[in-house]
Amino acid sequence: MKLKQLESLLGDLQQFTDPKVELEQYPTGPHIASRMLYTAENSFGDVSDKVVADFGCGCGTLATAAALLGAERVIGIDIDPQSLEIALLNAEELELDIDFVQCDVKMLGWRGRFIDTIVMNPPFGTRKKGADMDFLRLALKVASQAVYSLHKTSTRDHVKKAALRDFDASSAEVLCELRYDVPQLYKFHKKKEVDIAVDLWRFVPKSNQGQRS
Amino acid sequence: MRLLIHNMLSSNIKGVINGFPLRIEVDKVEEKQVDFDAAFLRKMFHKIEWKALLDAALTLGYAELPEEAPDSSVLESDEFLQKFHHALLELDLEEGALVCPETGRKFPVTKGIPNMLLHEDEV
Chain F
1 MKLKQLESLL
11 GDLQQFTDPK
21 VELEQYPTGP
31 HIASRMLYTA
41 ENSFGDVSDK
51 VVADFGCGCG
61 TLATAAALLG
71 AERVIGIDID
81 PQSLEIALLN
91 AEELELDIDF
101 VQCDVKMLGW
111 RGRFIDTIVM
121 NPPFGTRKKG
131 ADMDFLRLAL
141 KVASQAVYSL
151 HKTSTRDHVK
161 KAALRDFDAS
171 SAEVLCELRY
181 DVPQLYKFHK
191 KKEVDIAVDL
201 WRFVPKSNQG
211 QRS
Chain D
1 MRLLIHNMLS
11 SNIKGVINGF
21 PLRIEVDKVE
31 EKQVDFDAAF
41 LRKMFHKIEW
51 KALLDAALTL
61 GYAELPEEAP
71 DSSVLESDEF
81 LQKFHHALLE
91 LDLEEGALVC
101 PETGRKFPVT
111 KGIPNMLLHE
121 DEV
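Protein chains in written order, with the UniProt record's numbering: chain F, 1 to 213; chain D, 1 to 123.
Just so you know, these hints were derived from the structure itself, not from any lab. A portion of the hints provided could be inaccurate.
Claimed, not checked - Under the rule of at most 20 Å between Cα atoms (straight-line distance), these lysine to aspartate or glutamate pairs were calculated in the DMTMM-like manner:
1. D:K106 <-> F:D104
2. D:K106 <-> D:E120
3. F:K2 <-> F:D18
4. F:K128 <-> D:E120
Just chain D, same shape as in the assembly (with noise of 0.2 Å):
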């Protein structure tokens, strides 16, 4: 599972006010190799929660990114580019899981694969 994933899945448990961001359990974290495109980059930055981001991205053991949201501004550096697009696409949860925020209910991750599927009781 991807950063980006991360930043787009919450928890949807019944009575679960704020599911997002889910934490992250690292069993397995992989490197992929993924093709750098500098306006993708551009058009995510605006819809990413940051810190969401860069909490996911420490606990996969990333520390490259800026500790505070940086202004769009840096869209113009290839330097930060870099390192928010591998941070988005590039790093992999493959074994692990995503724990609720709020009840620490545990989504596990399997071959990359998050399973969000719901309890009947959880509906």
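With the rest of the complex left out, here is chain F (with noise of 0.2 Å):
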């Protein structure tokens, strides 16, 4: 599948209807989650023929994009109901074949190491603190091949330390930075709409060096 017609597929995904503040709720647009996924599978491998989870899904656009790119199995993990019927409806829109768990991903008892690949747009832990380092924590422990996770640019020098100090990545790279639009959905945001720097990143756990399959 060509890069555009990933994102414009994406694009016609339905998005939060009434957007949680508390969960950081913000939509991934389908640029940088084609991009996202299509890098993935171009450069790394990771996606077609794996088991794709998507920590912290909402509405499913980086499942679905892993679905639409050969993932073997998808599974989203989502704490808020709502979102998931969403996601639910726009995987059977496309036709697409995803599971879905609700749980906090922080709290989600995992065994065995089943998941190849994660892909994940993490709250940005504005409004928690920390938010997206306890999903970075987490996804490193699960995944065995390959994590992928949006950061904010101006936490470049953060994530990269507790990635490789405090969580154990074998490696943390900066795959390149891009604009997230954040429209003016919840009261507080004065703007109408404004663009802030993320990175997007590709983490590799330690336990599965050498092990790649």
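Put the two chains together into one complex; each comes in its own frame, and the hints tell you how they fit.
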């Protein structure tokens, strides 16, 4: 599938109808989502024929992108039942087969190393400090091959240090810097639309060096 | 919820030592059509806990899996792979519950989605 085609399919997905500020629900735009998954697939081979999970999937944009790019199985996890309902509809609309689990990503009990790749657009932690780092810590425990994640560019040094030193990643690499459009979703947003700089990261969990499949 | 997902999930309630496997209560099972992929099944075979899959499949009304954990020679058998495929990916718990093996706490499954959210006092 071409990048343009992927972006256009993702652009038709339903997004949050009633976003919840405490969960920092911002849709992952089709521009960013398509580039994220396209890079994961075409530069690293981390999507097709893999088991891919979307942590904090919201309405399922990244999960959908993974399924469109040929992931063997896709699992979306989110705390919010309304988002999951929309995610389920989005998957059905495109006739994609995605498994969903409702849970707080931080509290989910996992057995075994089933998941190869995790893709996520975590809460940036502006409302609840450290929320994105909680997601990253968990993702690096669960994934066996790679973790793709978005973090604010202003936190780059912190993210790198935490990933390598505290979360035991064997590598942490910024693949590119993107502009994240934040539409005026919430009342406290004064400007109509702002964009913030975010980094697209690729992390490799340490425990799996040399046993990539 | 597919049994592949069931094989990954465990109860993470505070104080629970072994939250796996979750017991299953069935209200409604659906069967889905999933494309057969032998390579994927061979890969999953080594990650699956057999007893958990066997018991879950039985609970969902499917009794075709071998009782003893088979050795990997079965992976050459198309008949075995078809059954494994059906149990792992095509059986789907649409409505029901997952039950923590230690505490009996029920996690509801609605529209095929298990709700593993913990209450505040369980964290």
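Hint-by-hint comparison with the structure:
no.	hint	result
1	D:K106 <-> F:D104	holds, 16 Å
2	D:K106 <-> D:E120	holds, 15 Å
3	F:K2 <-> F:D18	violated, 32 Å
4	F:K128 <-> D:E120	holds, 17 Å
Checked against the numbered hints given earlier, this structure breaks only hint 3.
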